[in-house]
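Trainee: Work out the full structure: start from the sequences and follow the hints.
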Amino acid sequence: MSTAEMQAYLARLYTDSGFRRLFYRDEAETMAEYRLAPRERQALTGIDRRLLEFFAASLLNKRRKRWKHAYPALFQLDGPALGRYCARYHDIHPLRPGEPARDEILRFGRFMSETLPGADDLPPYTADLIRFEVMALRLRTADGGSVRRASGLRAGDRPARADGVVVEAFEYNVSEIHQALAAGTEPQVRAEPEMVIGTGAVMLAAARPTVWLIGQCDGTRTLREIVAAAETHFGQQGLAGTIQATLEHLVASGVLEAGAHDRSLSAA
Amino acid sequence: MVTSEAVARLPYLGSGLGYRREFADALLADGSCVDFVEILTDQFIENDADLDEVRRVCARFPAVPHGVGLSVGSATGLDRAYLAKIKKVSDVTGSSYYSEHLCMTRAPGIDIGHLSPLMFTEDTLRCTIRNVTMAQDFLDKPLVLENVTYVVEVPYQEMSQAEFFGRLVDATGCGVLLDVTNLYINATNHRFDALDFLAAMPLDRIVQVHLAGGFATDGFLVDSHSEAVGEEVWELFATLAGKTRIRACVVEHDANFPHTLAPLIDQVNRARSLLGDTAGTVADGRL
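If you're matching them up, the sequences are chains P and S in order. If you read the first sequence in the numbering used here, its first letter stands for residue 23, the second for the next number, and so on. If you read the second sequence in the numbering used here, its first letter stands for residue 7, the second for the next number, and so on.
I should point out that these hints are in silico values taken from the structure, not numbers from a laboratory. Fair warning: there could be bad hints in the mix.
As the list claims (entries may be wrong) - So the derived label-pair ranges between C-beta atoms look like this: (1) S/244 to P/105: 41 to 51 Å; (2) S/61 to P/60: 50 to 60 Å; (3) S/250 to P/72: 34 to 44 Å; (4) P/226 to S/261: 26 to 36 Å; (5) P/84 to S/241: 28 to 38 Å; (6) P/123 to S/198: 32 to 42 Å; (7) P/72 to S/14: 39 to 49 Å; (8) S/275 to P/271: 52 to 62 Å; (9) S/49 to P/72: 26 to 36 Å; (10) S/250 to P/64: 35 to 45 Å; (11) S/61 to P/76: 37 to 47 Å; (12) S/198 to P/84: 20 to 30 Å; (13) P/137 to S/14: 53 to 63 Å; (14) P/214 to S/261: 34 to 44 Å.
Predicted, not measured: the structure shown is a model, and the values here were computed from it. Idealized CB from N, CA, C, for every residue including glycine.
Mentor: And the structure:
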């Protein structure tokens, strides 16, 4: 008798629906993979199958509750379609011993982010929605970094993106959709590209020009140089005030840091 | 090495409540409502901020750590990395014992995600004795092991669960956490007499009791920890308290929380009245 083999067999029987279906059709075939004593094989054939399914379902439900807590807007769309993908994930990706809960929940989010773009049995914005919620979860649960909040930017400052800032592109107005679903209301859906910037607990929907500006803030360009580049890029003059205000707002939000100051430049 | 004398010397703690973040503020604001708290170790093992929370709780109440991931019945042995994590929490609490479950939760490559019953065989007993001894040596305190609910029973057992418990405590010196609700649920779902089970258990090794409320679905009782403790469970607890000295009792509530702590404290108070005033040593309020 090998207790370890019996426990390995039972763990798989509890957590793998495909293995269970094969067990119901041909017990011997499933047992052939494990070194089981005759009494153990006999014991397995005597398992109450109704209770086995009840227990197996409870294991999936337990995981679903954690996923629902982490991705509440996604689970506002819960139904047979979402349930099917959850069950698929549960079979393909069992819980791993020793894996922190956050990691497992992110793993589920990644799976859904990869799966849902092909899901024509869910609203078309669902793939964006899960990516948005994964982004939010990563930001909420990441180790916090310090954010220096400047009261204002000077011409010689070299702003840079703060540590842990994430920028993601979406095909729908996902921040509004998320807000509506989280409130339990019907979302107004628009197929309009949206950029979302996230840092810590803050997520901001940003226009493409703002995202372009953030891209200029690499810690090497002074504010003055960024203004000049923007006026060239956008084909407009007189943008200094607008750009400074925008970047100061991003510093206050923790998206940017003021960066080193170039003392060779006089104040703006 | 832990011996049965260590369990015999464990202090009387009284009636406590399972610590949950959902009502932590209310609980920490009124320190007089419970004698101690039981913390779920696995909620506090991933980062230093969690340990700070344990310290704050322990500054307010005596605390006992209660884990769910040790899998003492696993034939492949204990997870040493997990042991190291829980030791940090256990040491911060300064408790005189660490409680867990008599079950398995994993096999190589698979975390079952739930407390699953053991097959009560000689080989499983050997593995469990080895694991419990190792855990007690590593944690440097006795383990107190809880009976779990089970849905599926593998129809091959070489001994009863009560005999398994008895031989385990004799071999390792560990104690028993008798979950009265779990006993009631198992007895109802699997049609055996709870009093017969109690009669066969090593009652003198029962250190602590759990009480909780569940619900019925599809003719099956579920240990959901979401309702008030039922009257049948109170009766069973009263019977047990009349048979042996119980050092500690915890009311557990994990979901469907009441709007205030009052209903939970009422249950803690009722449990305390059934415990009675048993002799024990609580020299400075620490465990």
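Trainee: State for each hint whether it applies.
Mentor: How the hints compare with the structure:
In this structure the supplied range 41 to 51 Å holds for residue 244 of chain S paired with residue 105 of chain P, their Cβ-Cβ distance being about 43 Å. Taking 50 to 60 Å as the suggested C-beta distance range, the pair residue 61 of chain S and residue 60 of chain P conforms, at roughly 54 Å. As the Cβ distance of residue 250 of chain S to residue 72 of chain P is approximately 37 Å, the hint placing it in 34 to 44 Å holds. Checked against the hint of 26 to 36 Å, the pair residue 226 of chain P and residue 261 of chain S passes, with Cβ atoms roughly 34 Å apart.
At roughly 30 Å, the beta-carbon separation of residue 84 of chain P and residue 241 of chain S lies within the given 28 to 38 Å, and the hint holds. At about 35 Å, the CB distance of residue 123 of chain P to residue 198 of chain S agrees with the hint of 32 to 42 Å. The hinted window of 39 to 49 Å between residue 72 of chain P and residue 14 of chain S holds, with their beta carbons roughly 44 Å apart. A hinted range of 52 to 62 Å holds for the C-beta pair residue 275 of chain S and residue 271 of chain P, which are about 54 Å apart.
For residue 49 of chain S and residue 72 of chain P, the Cβ-Cβ distance of about 33 Å falls inside the hinted range of 26 to 36 Å, so the restraint holds. Hint check: residue 250 of chain S to residue 64 of chain P, Cβ distance near 38 Å, so the stated range 35 to 45 Å holds. Under the hint 37 to 47 Å, the C-beta atoms of residue 61 of chain S and residue 76 of chain P, about 41 Å apart, fit the expected range. Distance hint check: the CB atoms of residue 198 of chain S and residue 84 of chain P are about 26 Å apart, consistent with the given range 20 to 30 Å.
Checked against the hint of 53 to 63 Å, the C-beta distance between residue 137 of chain P and residue 14 of chain S comes to roughly 56 Å, which is consistent with it. Distance hint check: the CB atoms of residue 214 of chain P and residue 261 of chain S are about 39 Å apart, consistent with the given range 34 to 44 Å.
In terms of the numbered hints stated before, the structure departs from none.
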